[in-house]
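Chemist: Each chain, letter by letter, is given below.
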Amino acid sequence: MNENFHRPYNLIAELTYRCPLKCPYCSNPLDLTNYTETLTTEDWCSAFEQAAKLGVVHLGLTGGEPSTRSDLEVLVKHASELQLYTHLVTAGMPIDAKRLAVLAKYGLCSVQLSVQDSTPEMSDTIAGTKSFDRKRVFAEEVRALDLPLVLNVVLHRQNLENLPEIISMASYYGAHRLELANTQYHGWALKNRAALLPTLDQLKNASRVVQDSRLLYPEMEILFVLPDYYSERPKPCMGGWAQNTMVITPNGRVLPCHNAGTLTELEFWRIPENSLEDCWTISPGMNTFRGYEWMKDPCRSCEYRERDFGGCRCQAFALTGDMNATDPACSLSPHHPEIEKARDESIQSAPSFVYRDSAKKTGGQI
Amino acid sequence: MKNLENSLKSLLEERYHHKHPFNIRMHKGTLTKEEMKTWVRNRYYYQTRIPKKDSSILTKSDDPDFRRDWVRRVRDHDGDEKNTGGLELWLRLGDGVGLNRAEVSSLTNVLPGVRRACDAYVEFVNGHSLLESVAASLTELSAGPLMGQRITAFENYYTWIEPSALDYFRSRTSQAPRDAQEGLEFVLGNAKTDKDHVACVAALTRKCEILWELLDGVEWAQSRPKIVDRARMRKNESMIVLPERAIELNSTGMEILESCNGEATVNKIAEVMRNRHNTIETVFTDTYEFLEKMKSAGALEYI
Ligand code: SF4
Ligand code: SF4
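As they're listed, the protein sequences go chains A and B. The numbers in the first sequence follow this note's numbering, run straight up by one, and end at 582. The numbers in the second sequence follow this note's numbering, run straight up by one, and end at 1335.
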């Protein structure tokens, strides 16, 4: 391997896009129906083997909902034989206690459960599916098996007011870590931006709540950052484009992040037609934004470029049509007014959700 | 004015470190030799910050009479001549409990929590008004009585310490009440508005917190770090893997982590590391820092 080799530490395996939930901020592609799950159990097992050889340490099994795949047990067993730290990212259904126990026996290392809000009514409304009660029981099942539990809650204007309850719920569930993720406005979330984008007041209040909670729950790590729409600088993307993480989609495309498929001009390669190493090291798409050569001004000459890598490529493309542009979340971007406009509009009342379920075009106002 | 005095005194009754579990154990006679040594060695860092913060207070006053009185505090600690004064007396306490004097006075092995608390005090004074700084010093109102109890406790329970080593405490039984009285008069005479009152109470509250944190910092040395169950070690790569991150370690880091078995205390781990790496001067602080870093990375818990 040459000196330009970037060791991938993380593999995010999107096993499927099937999911019983319908979150309006889902990061899965909008044209879900165009995807078929082409990767077989053997393909995934081979991908894990290759990943371990390339230096991958963490394996995230995600989706969609990974437990909709019936070969999940086989995959977990194989991954743990390869010494991968295997992490299941789930909505808590359709998986049940019996299956979870088997996964634990096969060496599953930790579980991340997504919850939408702190009450059944709110959580189920956002998920577009009755699921809150199941999630609570699932959290108990995880802790009963002594598996570490991470709780992930996506924050937006409809649930930010409930942050104190969300945090105490996480502690009650026995999570060692709570990820308060800001909605990233890609895919479904961009469609629903007006209904999701919080106001500045909501965010300021949330920061205070988080600060206090860190004192009240010292044993739980609470992750919270201001969303990029409200910070002057964009978020650094994945520690740099194709630096340490790779994503494999249900149909075998190997991407540097779960949204990179939206960059339609880029050519990414697939397994099993290609080796994972080739997909990672030499596919043209992977190399497009490695390093700083591709940058235009203002990023090219900016002192922050090694800190934020010019921001998110997918957001730049979605909002400006130019994937080489500075991320509009940056106040130095000529397209920044677009972000400011969305912020201003957030002060007005929120429209209804468009649920990810394509059959149902509009959701109820909550 | 009575009001302010009452508020300050009841605040001390509530929050002064006489109620800290470590102090309670000290006065009940149940500290181990090791704990006593850790306290004496670390508390010396606090002693050395006192003349610095008092010098800072001096620079805030325009009144020669105030400065003439206050400068006495600096002299009390530093001594009028070499090898006299409060700092010297504390070093004798260190000798008395069997510490290496050079090590104590070098200040290199101070526990991180203790260092943070003491530095916070100096910074507080640097950044606040004369009135607030003097108000913060009023913990001395409670120091006099505490010294009395302390001497009795030491004489009764810690008989392995030479009585002459306790001269520091004896000197404070007379100095502290006198200093406290002067400080109190200054505060009561200069806190004129409601806003001043609030600021004085806030300053003394902060000071109580600092003294409390200092003892928390001392107790940390006795806690027992343990690698969390959710971590997996990849020994051949010197890596510890957690659900949210993987941390690559050098060989010293691996050594320290391997000692984090939930049995050995921070103190013991640091000692083992010093025995193994006695040429590295900063081995204690390096070990402390590493343990703190691993804790905030979620790799360690303390039991
Ligand atoms: S101009 Fe580019 S590199 Fe500079 S802060 Fe903005 S996004 Fe980052
Ligand atoms: S390119 Fe954008 S969507 Fe992709 S990981 Fe980076 S920040 Fe996220």
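In case anyone wonders, no lab produced these hints; they're calculated from the structure. Being a predicted model, the structure only gives us computed values, none of them experimental. Please note that a few of the clues may not be correct.
Taking lysine to any residue and the SDA-like style, the derived pairs with C-alpha atoms no more than 25 Å apart in a straight line are [what the hints assert, rightly or not]: (1) B/K1327 with A/Y446; (2) B/K1325 with A/T254; (3) B/K1325 with B/R1107; (4) B/K1267 with A/Q459; (5) B/K1325 with A/V426; (6) A/K321 with B/K1325; (7) A/K407 with A/V426; (8) A/K451 with B/D1151; (9) B/K1069 with B/E1321; (10) A/K321 with A/P310; (11) A/K512 with A/N460; (12) A/K269 with B/M1286; (13) A/K407 with A/Y446; (14) B/K1300 with B/R1107; (15) B/K1327 with A/G390; (16) A/K321 with B/K1092; (17) B/K1325 with A/P310; (18) B/K1325 with A/E435; (19) B/K1258 with A/I438; (20) B/K1258 with A/K269; (21) B/K1327 with A/Y225; (22) A/K269 with B/T1064; (23) B/K1092 with B/R1107; (24) B/K1267 with A/Y225; (25) A/K293 with B/R1266; (26) B/K1325 with A/Y446; (27) B/K1092 with B/R1264; (28) A/K269 with A/E437; (29) A/K451 with B/W1244.
What the simulated footprint calls covered on chain A by chain B, stretch by stretch (three residues with Cβ under 8 Å from a Cβ of chain B suffice, anywhere in the stretch; the number is not a length) [stated by the list, open to error]: (30) 298-308; (31) 358-369.
Cβ coordinates follow ideal geometry from the N, Cα and C atoms, glycine included.
Chemist: Return the numbers of the hints above that this structure violates; sort them in rising order.
Modeler: 1, 2, 3, 6, 7, 8, 14, 16, 17, 20, 22, 26, 27, 28, 29
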